[in-house]
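Q: My request is simple: use the sequences and hints to build the entire structure.
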Amino acid sequence: MDVALIGWSRAQFALTAMYHWVFVPLTLGLGLLMCIYSTYYYKTGDEKWKSTTRFWQKLFAINFAVGIATGLILEFEFGTNWSNYSYFVGDIFGAPLAIEGIVAFFLEATFFAVVFFGWDRVSKKFHLASTWIAVFGATLSAWWILVANSWMQYPVGMHFNPETARNEMNDFIAVAFSPVAINKFLHTVLSCWVLGSAFVVGLSSWYLLRKRHIDFSIRSIKIAAIVGLTATVLTALTGHYSGQKVARHQPMKLAAMEGLYNGKNKADIVGFGVLKSDKVYNDGKDPFVFKIDVPIPGFLSFMSFDNFNSFVPGIQDIIDGYTLSDGTVYPSYEEKAAQGKLAQQALRDYRQAMKDNDEEAKIINKAVLDENIKYFGYGFFNSPEETIPPVALTFYTFHIMVALGLFFIAFFAIVWYLNKKGTLQKVKWLLWLGVISIPLAYITSQSGWIVAEVGRQPWSIQDVLPLSHSVSNIPVANVKTTFFIFLGIFTIFLIADIGIMINTIRKGPEAVDESKGY
Amino acid sequence: MDYGFFQHYWWFLISLLGALLLFLMFVQGGQSLIYRLGKTDNELKLMLDALGKKWELTFTTLVTFGGAFFASFPLFYSTSFGGAYWMWILILLSFVIQAVSFEFIHKKGNLLGKKTYKAFLFTNGLVAPILIGVTVSTFFFGAEFTVNRCNITDFDNPIISQWNTNWHGLEAIWGSTLPGGFHLWNVVLGLAIFFLVRVLGALYFINTIRNEEIESRARKHVLINAVAFLIFFLPYLVRLLLKDGWTGQTNYSVVVEEYKYLNTLFANWWMIVILLVGVVGVLYGFVLGALCKKNRRGFWFAGTGTVLVVLIVLLTAGFNGSAYYPSLSDPNSSLTIANSSSSLFTLKTMSVVSLFIPFVVAYIAYVWKKMNFHV
Numbered sequence: 001m002d003v004a005l006i007g008w009s010r011a012q013f014a015l016t017a018m019y020h021w022v023f024v025p026l027t028l029g030l031g032l033l034m035c036i037y038s039t040y041y042y043k044t045g046d047e048k049w050k051s052t053t054r055f056w057q058k059l060f061a062i063n064f065a066v067g068i069a070t071g072l073i074l075e076f077e078f079g080t081n082w083s084n085y086s087y088f089v090g091d092i093f094g095a096p097l098a099i100e101g102i103v104a105f106f107l108e109a110t111f112f113a114v115v116f117f118g119w120d121r122v123s124k125k126f127h128l129a130s131t132w133i134a135v136f137g138a139t140l141s142a143w144w145i146l147v148a149n150s151w152m153q154y155p156v157g158m159h160f161n162p163e164t165a166r167n168e169m170n171d172f173i174a175v176a177f178s179p180v181a182i183n184k185f186l187h188t189v190l191s192c193w194v195l196g197s198a199f200v201v202g203l204s205s206w207y208l209l210r211k212r213h214i215d216f217s218i219r220s221i222k223i224a225a226i227v228g229l230t231a232t233v234l235t236a237l238t239g240h241y242s243g244q245k246v247a248r249h250q251p252m253k254l255a256a257m258e259g260l261y262n263g264k265n266k267a268d269i270v271g272f273g274v275l276k277s278d279k280v281y282n283d284g285k286d287p288f289v290f291k292i293d294v295p296i297p298g299f300l301s302f303m304s305f306d307n308f309n310s311f312v313p314g315i316q317d318i319i320d321g322y323t324l325s326d327g328t329v330y331p332s333y334e335e336k337a338a339q340g341k342l343a344q345q346a347l348r349d350y351r352q353a354m355k356d357n358d359e360e361a362k363i364i365n366k367a368v369l370d371e372n373i374k375y376f377g378y379g380f381f382n383s384p385e386e387t388i389p390p391v392a393l394t395f396y397t398f399h400i401m402v403a404l405g406l407f408f409i410a411f412f413a414i415v416w417y418l419n420k421k422g423t424l425q426k427v428k429w430l431l432w433l434g435v436i437s438i439p440l441a442y443i444t445s446q447s448g449w450i451v452a453e454v455g456r457q458p459w460s461i462q463d464v465l466p467l468s469h470s471v472s473n474i475p476v477a478n479v480k481t482t483f484f485i486f487l488g489i490f491t492i493f494l495i496a497d498i499g500i501m502i503n504t505i506r507k508g509p510e511a512v513d514e515s516k517g518y
Numbered sequence: 001m002d003y004g005f006f007q008h009y010w011w012f013l014i015s016l017l018g019a020l021l022l023f024l025m026f027v028q029g030g031q032s033l034i035y036r037l038g039k040t041d042n043e044l045k046l047m048l049d050a051l052g053k054k055w056e057l058t059f060t061t062l063v064t065f066g067g068a069f070f071a072s073f074p075l076f077y078s079t080s081f082g083g084a085y086w087m088w089i090l091i092l093l094s095f096v097i098q099a100v101s102f103e104f105i106h107k108k109g110n111l112l113g114k115k116t117y118k119a120f121l122f123t124n125g126l127v128a129p130i131l132i133g134v135t136v137s138t139f140f141f142g143a144e145f146t147v148n149r150c151n152i153t154d155f156d157n158p159i160i161s162q163w164n165t166n167w168h169g170l171e172a173i174w175g176s177t178l179p180g181g182f183h184l185w186n187v188v189l190g191l192a193i194f195f196l197v198r199v200l201g202a203l204y205f206i207n208t209i210r211n212e213e214i215e216s217r218a219r220k221h222v223l224i225n226a227v228a229f230l231i232f233f234l235p236y237l238v239r240l241l242l243k244d245g246w247t248g249q250t251n252y253s254v255v256v257e258e259y260k261y262l263n264t265l266f267a268n269w270w271m272i273v274i275l276l277v278g279v280v281g282v283l284y285g286f287v288l289g290a291l292c293k294k295n296r297r298g299f300w301f302a303g304t305g306t307v308l309v310v311l312i313v314l315l316t317a318g319f320n321g322s323a324y325y326p327s328l329s330d331p332n333s334s335l336t337i338a339n340s341s342s343s344l345f346t347l348k349t350m351s352v353v354s355l356f357i358p359f360v361v362a363y364i365a366y367v368w369k370k371m372n373f374h375v
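In the order they appear, the protein sequences are chains A and B. 1 is the number of the first residue of the first sequence in my numbering; add one for each residue after it. 1 is the number of the first residue of the second sequence in my numbering; add one for each residue after it.
Hints were generated in silico from the structure; no laboratory data involved. Take these hints with a grain of salt, some might be off.
[What the hints assert, rightly or not] In silico DSSO-like pairs for lysine-lysine, Cα to Cα no more than 30 Å straight-line: (1) B:K118 x A:K507; (2) B:K370 x A:K48; (3) A:K124 x B:K54; (4) B:K370 x A:K124; (5) B:K39 x B:K293; (6) B:K118 x B:K369.
A: Here is the structure:
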């Protein structure tokens, strides 16, 4: 396939996904806080809680529309730009998207209308219930999308059907509740709560620095700091479990995350490092210009396999083949590629046998196919280098994500403690740090997705289908054109979104109270 | 219940979702009328407030329609979306600018100004119905593609569904490689849908907004657009019933059948009954809206009628062995519900999920009623 077409199709999908992910985490994070503030209002009847809820809801609504607009494009881009993918695994992958629409998206959209337009028009109880239901719908929506994404990272619950030349689902529970999906959902949604909390703490800090809306800000921070602290700790924990899943199912991604080319027992985690740009996977040279390890011997082994002495494979081991400490043997690239090519030839022969009505040939080729199907995707490669993801991007974004994650634990803990003591207002540097924490939360969140998606290259579905064979056959000039159209439109809407938010923030909560709309 | 049952069940659900989507596009119809009906700022605000409570429902139905089509007929999803690229991109872009415009138009600091967002809303109201109508028409008049499942193992050219024109979807209007190059009937249905949703939009304003000026103008536009709709739709319907169609065979080949769609209706008397009830509902709704000055319920009659008519039209495309996506390049590549559906296991699993649909409809109706305060 045309390399430029694959590149531009990837760029377009990445662009849409990254813009979408500017808006979604705030929807989920701010949504939860909105629910809590609204519950306080319902329980106490205190108008100040209502004012707090309405202000954050106003910002939520500004952000919400662009989120669903970019989400629409993302859903349909699987068809427009990745048509081969859509056919080859659509039997499995389509189901979570459809379920999302039926059971989650309608819930979200229907009840958000009540949340936005229902103030003083429906009962307080119904409004509160609608708020929780809408946010539950948004979170449920995230569940099904993350089930779909997790399945691409860890394809389970399926078999290959040569009659239709595609993968077909045979175990829905395995797809919907795979351990990778559960963990990814928890990690992602918790990280959204972190971002939502950072957003509330950051803006409230700005008000405190300006000595405006002090009661409102302290009230907002009181809840957001607790949610943020709890969510950050749990994000770290689920991140650890994510790492363990990656170690088992996507070892190449883990090796890229750590810049690990040659595996070892008692492997250490790199705390900080700079990679050489000219590293070749099998040149035996040190991949780092310099690095500082975390001073806990065997920490990477422990984080990956719960054992400080375990063997963690590097990129060269994965290509050459290796054996884990528990005795599990992983074949080399050459063996996997050979099996993949056998499987593909068996599929061709099976399809020919179908045309010839040759039942015996079908049985023989089906047996060969079943035996080698596990590495079907490796048959598409020409060289082992093609199986290595962009190491530098994966490595740096992973370390940025982890470092900022640790920062947020400390940040929320200090903010919560000082706010509880009533001295937060006096600590100016922390308030400024609060303001800065908003972009930092976005950087953390985007970095996490870059690790997840760039780290699994070159696969669209791990070991099953590479990007090169997933793409639609659109002239590259067309994809370039739509890329720039999307870039222009999304950027304009992002600027407008920020402009409206700044305007609303400048006016403050009182202005929202006075307005008749939401 | 065998594989065929589930394939038909899912085609029914897709048709139902498509019919509901078309009804809910009264929002687009309303948007296309904002320049005509909203002469003052206050009138415009009333209209946008009325539509603003409902646009998400249309949007959500579109997303669900896409997801359900993907899950139940993935070969259509990959063939049509990956091939008719520009047609789908234009439809989607028009919805993107719509979603944002509803939220941003009245906000300060919105960068582009109110006039631009108003123009965006009008654009969506114009483009989406026409292009969706054109696309639906390709279910009967075909598209230019080929399908070869074994291509996946071809190293250099692995694409399963290939599109055969460089216009990538726009040839459904102009640029076809076939003689003539202009797809008159696709355009006719596009315009019919455009005028239909305008009628529904005007009826929705009559139903929701308490403003004499808007109501009076809306009633006038019900009449104008209803006549325009009938001028385009009736010839299309006659053409559809008299034209040949493509029928899938058990060996996956496809043959041409005379009066295919008429035969489908004759073979299923209940479809004729529903179609007629739908037509009566649509016409009755038009009459109530255009001529009965005190009656505001035309929206519900025309809306229900629209759902029934579109449901039957879409069912006709796929039932009775019809190729619902005929290939003009290679008839044997045509998609039928038998050769393009998901596996039996997936359809069964999704069918369990579909049992939630009545529950979804119930809470939407409940919230609609609860939030049905007049603006």
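Q: Now tell me if each hint is right for this structure.
A: Here is what the structure says about each hint:
As the CA atoms of K118 (chain B) and K507 (chain A) are separated by approximately 25 Å, the hinted pair is consistent with the 30 Å bound. Distance restraint check for K370 (chain B) and K48 (chain A): the Cα-Cα separation of roughly 27 Å lies within the 30 Å cut-off, and the hinted pair is therefore satisfied. Simply put, K124 (chain A) and K54 (chain B) have alpha-carbon atoms about 22 Å apart, close enough for the 30 Å limit, and the pair holds. A hinted pair counts as satisfied when its Cα atoms are at most 30 Å apart, and K370 (chain B) with K124 (chain A) qualifies at roughly 13 Å.
Restraint check for K39 (chain B) and K293 (chain B): satisfied, since their Cα atoms lie roughly 21 Å apart, inside the 30 Å limit. Proposed proximity of K118 (chain B) and K369 (chain B) is supported: the alpha carbons are some 28 Å apart, at most 30 Å.
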